[in-house]
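As numbered in the numbering used here, residues 22 to 363 make up the sequence shown, in order.
Hints may be right or wrong, so weigh each one.
Ranges of calculated distance between the beta carbons of each label pair, as one might list FRET restraints [as the list claims (entries may be wrong)]:
hint: 1; residue 1: Ser90; residue 2: Pro343; range: 17 to 27 Å
hint: 2; residue 1: Gly196; residue 2: Pro315; range: 27 to 37 Å
hint: 3; residue 1: Gly196; residue 2: Lys261; range: 38 to 48 Å
hint: 4; residue 1: His115; residue 2: Leu93; range: 47 to 57 Å
hint: 5; residue 1: Thr351; residue 2: Thr80; range: 34 to 44 Å
hint: 6; residue 1: Ala168; residue 2: Ala260; range: 21 to 31 Å
Below, simulated SDA-like cross-link-like pairs (lysine to any residue); rule was C-alpha separation at most 25 Å, straight line [unchecked claim]:
hint: 7; residue 1: Lys261; residue 2: Leu77
hint: 8; residue 1: Lys261; residue 2: Gln356
hint: 9; residue 1: Lys261; residue 2: Leu93
hint: 10; residue 1: Lys261; residue 2: Pro343
hint: 11; residue 1: Lys261; residue 2: Gly363
hint: 12; residue 1: Lys261; residue 2: Asp340
hint: 13; residue 1: Lys261; residue 2: Ala352
hint: 14; residue 1: Lys261; residue 2: Thr351
hint: 15; residue 1: Lys261; residue 2: Arg167
hint: 16; residue 1: Lys261; residue 2: Pro248
hint: 17; residue 1: Lys261; residue 2: Ala225
hint: 18; residue 1: Lys261; residue 2: His305
hint: 19; residue 1: Lys261; residue 2: Gly299
hint: 20; residue 1: Lys261; residue 2: Glu136
hint: 21; residue 1: Lys261; residue 2: Arg189
hint: 22; residue 1: Lys261; residue 2: Gly193
hint: 23; residue 1: Lys261; residue 2: Leu357
hint: 24; residue 1: Lys261; residue 2: Arg201
hint: 25; residue 1: Lys261; residue 2: Ala171
hint: 26; residue 1: Lys261; residue 2: Gln176
hint: 27; residue 1: Lys261; residue 2: Gln106
hint: 28; residue 1: Lys261; residue 2: Trp362
hint: 29; residue 1: Lys261; residue 2: Pro76
hint: 30; residue 1: Lys261; residue 2: Pro304
hint: 31; residue 1: Lys261; residue 2: Pro315
hint: 32; residue 1: Lys261; residue 2: Gly79
Derived by calculation from the structure, the hints in this document are not laboratory data. Values in this document were obtained by computation on a predicted structure and should not be read as measured data. Even glycine gets a Cβ: it sits at the ideal position worked out from N, Cα and C.
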Amino acid sequence: MKKATNMDSICTRRAFLRSCGVLGLGLAAVGAVPAAARAAVRLGSGGHVVARTLPLMGTFVGITAVHDSRTLAEEAVGRAFEEMQRLCMVFDRHRGDTALSVLNRDGRLSGAPAELRDVLERSLSLHSLSDGAFDPSVAPLVDARRAHGAALSGQELAELTALVDARRIELGSGGIALGRSGMALTLDGIAKGFIADRASAVLAASGVANHLVNAGGDIRAAGTKAPGQPWTVAVEDPAKAGNYPAVIHLRDCAVATSGNYENYFDRRREAHHVVAPGSGVSPHEVTSCTVKAPTVMEADALATAVMVMGARRGLAFVDSLPGRECLLVTASGAQLPSRRWG
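Please model the complete structure; the sequences and the hints are all you need to start from.
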């Protein structure tokens with residue numbers, strides 16, 4: 022048998038990086054590449070568009086990379102997916118062996134991964150900035166709603182909301198601790214954005230300046246899709262009537278949408294995955310909130326916070342943040358842009 026050499030390992034790794042992908046490009050990106058298991062399209066200018074999609078984080082994650090070298094682009098996309106898969110093993114609270122699930126189970130975690138600490142620090146900052154509308158400690162409420170829908174008594178809600186308070190998350194040099202028995206964290210409203218940002222950073226470090234990462238509607242755009250052409254993203258219609266509330270042109274920024282029109286926990290659609298930390302009730306005034314921000318992590322968290330705040334307070338909140346914009350679609354179908362939206 023031929024002995025494996027270092028070059029064999031390099032070639033095997035490159036083959037994996039270039040072949041990574043199983044499905045089509047995410048639905049929110051307009052005019053990037055047709056949906057395909059693996060797509061590589063040559064542009065008239067001589068560049069190549071490489072697209073891959075994988076099921077990750079409970080959704081489909083699509084990456085599109087534009088570069089003069091098809092091989093370089095394919096390998097960069099593979100590295101980006103490797104990084105995303107690695108980070109999923111930190112933030113997935115539904116797996117028993119991840120850092121976050123261990124923290125939730127034991128109430129404390131020593132030697133926490135740097136990425137978990139970074140996201141928790143940013144979560145606490147956004148909790149303070151949003152006056153508690155964004156709260157990563159809502160996991161007990163979300164889980165109860167998933168299990169029982171709207172059928173929770175007043176006493177049950179009171180017991181669950183007593184466990185929700187991000188100020189009781191202790192971040193120290195020795196580790197992370199939850200300050201009350203029964204507390205648990207969900208980073209679903211921020212970690213997906215963080216992971217998309219990290220994938221973008223891997224692509225940029227690999228030499229792919231022009232790319233788009235679409236993590237189920239949490240999108241990071243860098244550069245252009247073709248010379249002089251920005252990336253184009255359509256905001257999904259909550260009513261599923263085939264209309265698009267907005268078409269956004271992106272370059273070197275991020276956008277994320279939070280909505281209550283897909284993930285319901287009961288037949289009457291009273292309980293969904295966004296839960297107000299103070300009341301335990303799912304908000305219904307705003308059907309979807311799309312936020313533009315410098316990073317997907319921030320856009321993701323801000324969209325969740327605005328859903329909880331409601332239209333009037335949410336718009337005023339975003340207007341108070343320089344360089345941030347949002348578009349709300351209400352239950353009546355009204356479209357409410359922030360002051361700088363456009």
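Hint by hint, here is what the structure shows:
1. Ser90 with Pro343: 17 to 27 Å: Since the Cβ atoms of Ser90 and Pro343 sit about 38 Å apart, the hinted range of 17 to 27 Å is violated.
2. Gly196 with Pro315: 27 to 37 Å: For Pro315 against Gly196, whose Cβ atoms are near 30 Å apart, the range 27 to 37 Å holds.
3. Gly196 with Lys261: 38 to 48 Å: Hint holds: Cβ distance 45 Å, inside 38 to 48 Å.
4. His115 with Leu93: 47 to 57 Å: Hint violated: Cβ distance 35 Å, outside 47 to 57 Å.
5. Thr351 with Thr80: 34 to 44 Å: violated (25 Å)
6. Ala168 with Ala260: 21 to 31 Å: 28 Å Cβ-Cβ, so the 21 to 31 Å window holds.
7. Lys261 with Leu77: holds (24 Å)
8. Lys261 with Gln356: holds (15 Å)
9. Lys261 with Leu93: violated (38 Å)
10. Lys261 with Pro343: violated (32 Å)
11. Lys261 with Gly363: holds (23 Å)
12. Lys261 with Asp340: violated (28 Å)
13. Lys261 with Ala352: Holds, because 13 Å separates the two Cα atoms, which is no more than 25 Å.
14. Lys261 with Thr351: holds (14 Å)
15. Lys261 with Arg167: holds (23 Å)
16. Lys261 with Pro248: Violated. Lys261 to Pro248 sits at ~33 Å, over the 25 Å cutoff.
17. Lys261 with Ala225: violated (35 Å)
18. Lys261 with His305: holds (17 Å)
19. Lys261 with Gly299: This hinted pair is violated, its Cα atoms lying about 30 Å apart.
20. Lys261 with Glu136: violated (36 Å)
21. Lys261 with Arg189: violated (40 Å)
22. Lys261 with Gly193: Violated: Lys261 and Gly193 sit about 46 Å apart, past 25 Å.
23. Lys261 with Leu357: Holds, at roughly 18 Å.
24. Lys261 with Arg201: violated (42 Å)
25. Lys261 with Ala171: OK: Lys261 and Ala171 at ~24 Å, within 25 Å.
26. Lys261 with Gln176: This hinted pair is violated, its Cα atoms lying about 37 Å apart.
27. Lys261 with Gln106: violated (31 Å)
28. Lys261 with Trp362: The hint holds at about 23 Å.
29. Lys261 with Pro76: holds (23 Å)
30. Lys261 with Pro304: holds (19 Å)
31. Lys261 with Pro315: violated (28 Å)
32. Lys261 with Gly79: holds (21 Å)
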